[in-house]
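Listed below, chain by chain, are the residues.
Protein chains: 2
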Amino acid sequence: MPTSSFPAERILLGPGPSPVPARVLHALGAPTLGHLDPQYLSIMDETCESLRQVFQTRNALTFPVSGTGMAGMECLAVNLVEPGDEVIIGVNGVFGGRMKDVMERCGATVHALEAPWGEVFTLEQVAAALDRHPRAKIVALVHAETSTGAHQPLEGFADLVHSKGALFVVDAVTSLGGHELRVDDWGIDAIYSGTQKCLSCPPGLSPVSFGERALARMDARKTKPQSWYLDVSMLRKYYLSGGVSGGGGARVYHHTAPINMTYALREALAIVLEEGLEARIARHAAMHQRLRRGLEAMGLSYIPKRSLHTLNCIGIPAGADDAATRRRLLEDYGIEIGAGLGVMAGKAWRIGLMGHGATIRNVDLVLAALRNVLA
Amino acid sequence: MPTSSFPAERILLGPGPSPVPARVLHALGAPTLGHLDPQYLSIMDETCESLRQVFQTRNALTFPVSGTGMAGMECLAVNLVEPGDEVIIGVNGVFGGRMKDVMERCGATVHALEAPWGEVFTLEQVAAALDRHPRAKIVALVHAETSTGAHQPLEGFADLVHSKGALFVVDAVTSLGGHELRVDDWGIDAIYSGTQKCLSCPPGLSPVSFGERALARMDARKTKPQSWYLDVSMLRKYYLSGGVSGGGGARVYHHTAPINMTYALREALAIVLEEGLEARIARHAAMHQRLRRGLEAMGLSYIPKRSLHTLNCIGIPAGADDAATRRRLLEDYGIEIGAGLGVMAGKAWRIGLMGHGATIRNVDLVLAALRNVLA
Numbered sequence: 001m002p003t004s005s006f007p008a009e010r011i012l013l014g015p016g017p018s019p020v021p022a023r024v025l026h027a028l029g030a031p032t033l034g035h036l037d038p039q040y041l042s043i044m045d046e047t048c049e050s051l052r053q054v055f056q057t058r059n060a061l062t063f064p065v066s067g068t069g070m071a072g073m074e075c076l077a078v079n080l081v082e083p084g085d086e087v088i089i090g091v092n093g094v095f096g097g098r099m100k101d102v103m104e105r106c107g108a109t110v111h112a113l114e115a116p117w118g119e120v121f122t123l124e125q126v127a128a129a130l131d132r133h134p135r136a137k138i139v140a141l142v143h144a145e146t147s148t149g150a151h152q153p154l155e156g157f158a159d160l161v162h163s164k165g166a167l168f169v170v171d172a173v174t175s176l177g178g179h180e181l182r183v184d185d186w187g188i189d190a191i192y193s194g195t196q197k198c199l200s201c202p203p204g205l206s207p208v209s210f211g212e213r214a215l216a217r218m219d220a221r222k223t224k225p226q227s228w229y230l231d232v233s234m235l236r237k238y239y240l241s242g243g244v245s246g247g248g249g250a251r252v253y254h255h256t257a258p259i260n261m262t263y264a265l266r267e268a269l270a271i272v273l274e275e276g277l278e279a280r281i282a283r284h285a286a287m288h289q290r291l292r293r294g295l296e297a298m299g300l301s302y303i304p305k306r307s308l309h310t311l312n313c314i315g316i317p318a319g320a321d322d323a324a325t326r327r328r329l330l331e332d333y334g335i336e337i338g339a340g341l342g343v344m345a346g347k348a349w350r351i352g353l354m355g356h357g358a359t360i361r362n363v364d365l366v367l368a369a370l371r372n373v374l375a
Numbered sequence: 001m002p003t004s005s006f007p008a009e010r011i012l013l014g015p016g017p018s019p020v021p022a023r024v025l026h027a028l029g030a031p032t033l034g035h036l037d038p039q040y041l042s043i044m045d046e047t048c049e050s051l052r053q054v055f056q057t058r059n060a061l062t063f064p065v066s067g068t069g070m071a072g073m074e075c076l077a078v079n080l081v082e083p084g085d086e087v088i089i090g091v092n093g094v095f096g097g098r099m100k101d102v103m104e105r106c107g108a109t110v111h112a113l114e115a116p117w118g119e120v121f122t123l124e125q126v127a128a129a130l131d132r133h134p135r136a137k138i139v140a141l142v143h144a145e146t147s148t149g150a151h152q153p154l155e156g157f158a159d160l161v162h163s164k165g166a167l168f169v170v171d172a173v174t175s176l177g178g179h180e181l182r183v184d185d186w187g188i189d190a191i192y193s194g195t196q197k198c199l200s201c202p203p204g205l206s207p208v209s210f211g212e213r214a215l216a217r218m219d220a221r222k223t224k225p226q227s228w229y230l231d232v233s234m235l236r237k238y239y240l241s242g243g244v245s246g247g248g249g250a251r252v253y254h255h256t257a258p259i260n261m262t263y264a265l266r267e268a269l270a271i272v273l274e275e276g277l278e279a280r281i282a283r284h285a286a287m288h289q290r291l292r293r294g295l296e297a298m299g300l301s302y303i304p305k306r307s308l309h310t311l312n313c314i315g316i317p318a319g320a321d322d323a324a325t326r327r328r329l330l331e332d333y334g335i336e337i338g339a340g341l342g343v344m345a346g347k348a349w350r351i352g353l354m355g356h357g358a359t360i361r362n363v364d365l366v367l368a369a370l371r372n373v374l375a
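First to last, the sequence lines map onto chains A and B.
What the first sequence shows, in the working numbering, is residues 1 to 375, in sequence order.
What the second sequence shows, in the working numbering, is residues 1 to 375, in sequence order.
This is chain A alone, in the form it adopts within the complex (with noise of 0.2 angstroms):
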C-alpha cells in the first residue's frame, strides 16, 4: 500500500492505448493548477491551437471533450441531436453500431447503412440512403473502424450530404495524427477523436471540433441538450472566452477540467507538430507496408479489403489459440496485441502501430515474436 509500486512496461501493440513518449509521461506529472489560473488557460488556449492544427481546421471550436473517446462521441450526439431527428449513420463494426445506440438514447430515429464487417461505404451507397430518407438530418461515418480495422474513405461525401442539408459527422478516434484527415478541406461538420490511439498520449480526452454549420444546428436547437456536462453552449463559454478572471471576466466556469491531462495532450500535440503531420502519415504508412509484407510472408491474411495503417486486423490462423498466443505475447515478449472485438472475438487479432508505436524496432520486433509464439 504505502508505495506507489510501477507496473511493468508493455509495448501496447493492440487498438490503444498506444505507447507514451516519456515526454509525455513527464508533462502529465507537472504540477496542477487551477482551471482558471491564467497559467492554465494559456495552456489549453495552446492546446486548443495544436488540436486545430491537427485536425486541419480553422473551427473556433476545436477543444478536448472532459472524458475518453466515447465521451467526444456522445457530445457530438447530445448537441447535435434532437428527439426524433433523423440520421443515417453507416454501421460497418462496432463502432458505428455504438454511434447508433448513442444517438438513439438521444431520441434520433437511426438509419443504420449497413456493410459487412470489413468493408466501407461507396459515395452512391450514402447517396441512395439519402435519397431513402431525405429528412435526414446528419449522416455519421467512422473513419477508422477500430473493431474491423477498415479505412473509410470521407473525400466528396461533404458534398453529398450538405446538398440534402444534413451534417457530415466524423469518427476519428483511430485515425487523427496517423492518417491524412483534413477537416475543413473534406467539408466536415464536426468530427471526435482519443488521445489515446495516433497521438500516443494517454486515455482521459477526446478533441472534438465543431464547424459553422454545426454550431448554427446548435444555435437553432429547441431544447436543452441532454446532457450538461457535454453541454457545448455552455462549454464554449470556457473554452473560448477571451480575457481571464476567476470571478467576473469573460471565461466562464462550468466544470473543472482534467489539468494534467490537458499537459499531457498539450505535449503530445507538441511531438506531434514537430515531426509533421506529412511525414508522421507516411511513417505509418510505410511501418503499415513493413508489418503486412512481414505477416502476409508467415501466412497470415487481412480481414478488411482496405486496411487501416493504424490499426492492422488479421484473421487468427487454423490452429492457433487465440488467448493462449497473446498471453504469450505479453507475458514473454510485454507486447500487448488486441483481441477480436464483437462478431470478430475468437476469429481476428489487431495490431496496432500508432503514433509512438508505429516504428520498425516495433514491427520487427511484433512479427519475430509472432514467428516464434505461432511456430
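Do not rely on the hints blindly, as some may be mistaken.
As a list, the in silico PhoX-like pairs of lysine-lysine whose alpha-carbon atoms are at most 20 angstroms apart [said to hold, decoys possible]:
| id | chain 1 | residue 1 | chain 2 | residue 2 |
| --- | --- | --- | --- | --- |
| 1 | B | K100 | B | K137 |
| 2 | B | K137 | B | K224 |
| 3 | A | K224 | A | K237 |
| 4 | A | K100 | B | K224 |
| 5 | A | K100 | A | K137 |
| 6 | B | K100 | A | K224 |
Computed beta-carbon distance windows for the label pairs [what the hints assert, rightly or not]:
| id | chain 1 | residue 1 | chain 2 | residue 2 | range |
| --- | --- | --- | --- | --- | --- |
| 7 | B | R290 | A | R327 | 51 to 57 angstroms |
| 8 | B | Q53 | A | S5 | 16 to 22 angstroms |
| 9 | B | D185 | A | R371 | 58 to 64 angstroms |
| 10 | B | A285 | A | A112 | 56 to 62 angstroms |
Think of the hints as simulated: they come from the structure by calculation, not from any bench.
For each residue, glycine too, the CB sits at the ideal point set by N, CA and C.
Given the coordinates of chain A, assemble chain B onto it according to the supplied hints.
Just chain B now, kept in the frame of chain A:
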C-alpha cells in the same frame, strides 16, 4: 513548442483542485498500460477497494467514473432517474441548482426544496417536502455546498427518505476524505465525489458508489439510461466482473478508462488510508479552526452558519478589491484562493483547506498573505 515548459507552482487554496502530493504526480506519470491488461485490472480493483474504505461502504458497485466530479453527478442522474420521475433536491447554492438542471435533463419533475444560500436543511424540512410530494423517488442533498461553504448534516435523513420508498442521494464532492462521511451507516443509496478536492488527486475521475436500493431501481428501469458513456448496466460488467481477459473472459470492455488517472487515484487513496480517516478528518477540523480564529481576528466573517472545514467561505471586507486581492495573492505569493460563485460573485472569497493543502504551514501563510495584501 519543443519543450514541456512546466508551470510555476501554486499553493492551491481555492475550492479545488487542491495541492497534489509529489507521490501522486509521480504515480500519474507511470507507464501507460492497456485497459484490459491484468496489471491494470489489479490496479483498478485495488483503487475500487480503497474507495470503499474511504466512502465507508461495502457497496460492491463503487468505482471512479471516467470524467470529473460533474460526470459523477450526471452518472447518478442518468441511471437513477426515468422520464416523469418526481425528485426532491435541496437547493441552497450552485451545486444543488446544478443537480436540478441535470435531473431535469433526464426528464425528472424536480421539486426544489429551497433554503437561503449559506443555510442547510433540517429533517423537518425534508419530512415536510416528502409529505408535499409523496411520489418522490429520490431525495438529493449536497453534503458540502462548494459555492457557500455550508456543511449539510446527513445523519437521520435516510430513515425518513426510505420510509417513503425514495432513494437518498448525496453530492460529496468537497467532503470525501475531509469530513466524516459514513455511506453505509447513514443509509446513503448513491453518492458521487471528485478526486481533486480532499483526496488531493488531479481532476479527471469521479468516485461513485451505489447501494442495493439503487441497484434495484436501476434493474427495474423501463428505459435505457440516456447516456451510453455513463450507463451503469454496462459499466458494472467492466468494473465488477471477476476474471481477466482481452476477449472471451468475464470482464466486458466498455470504454477505454483513463489509465494514468487511475494510478494517481490509487496513490492518493493510499495516502488517505495511511493517515487514517479519523486522523485526516481531525486534521481538517483543526486547520479550519486555526484559519477561522485568524480570519475572525482580522475582522473577516464567515458566510455559512455551519461552515465546512474543507472550504471557508468568507465575506469580502468593505473597501477591499476582490479581483486585485486575489491577483496579488496569486502573483506575489503564488497562492490561489477562490472567487465567489453565482450570487456570491464579488461578495465572497473561498479558501480551501483540502487534503494535502490542509496544513499549519498553509494556514499561517494565507493568513499572513491576507494581512499584508489587505493592509
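| query | So which of those numbered hints doesn't the model satisfy? | reply | none
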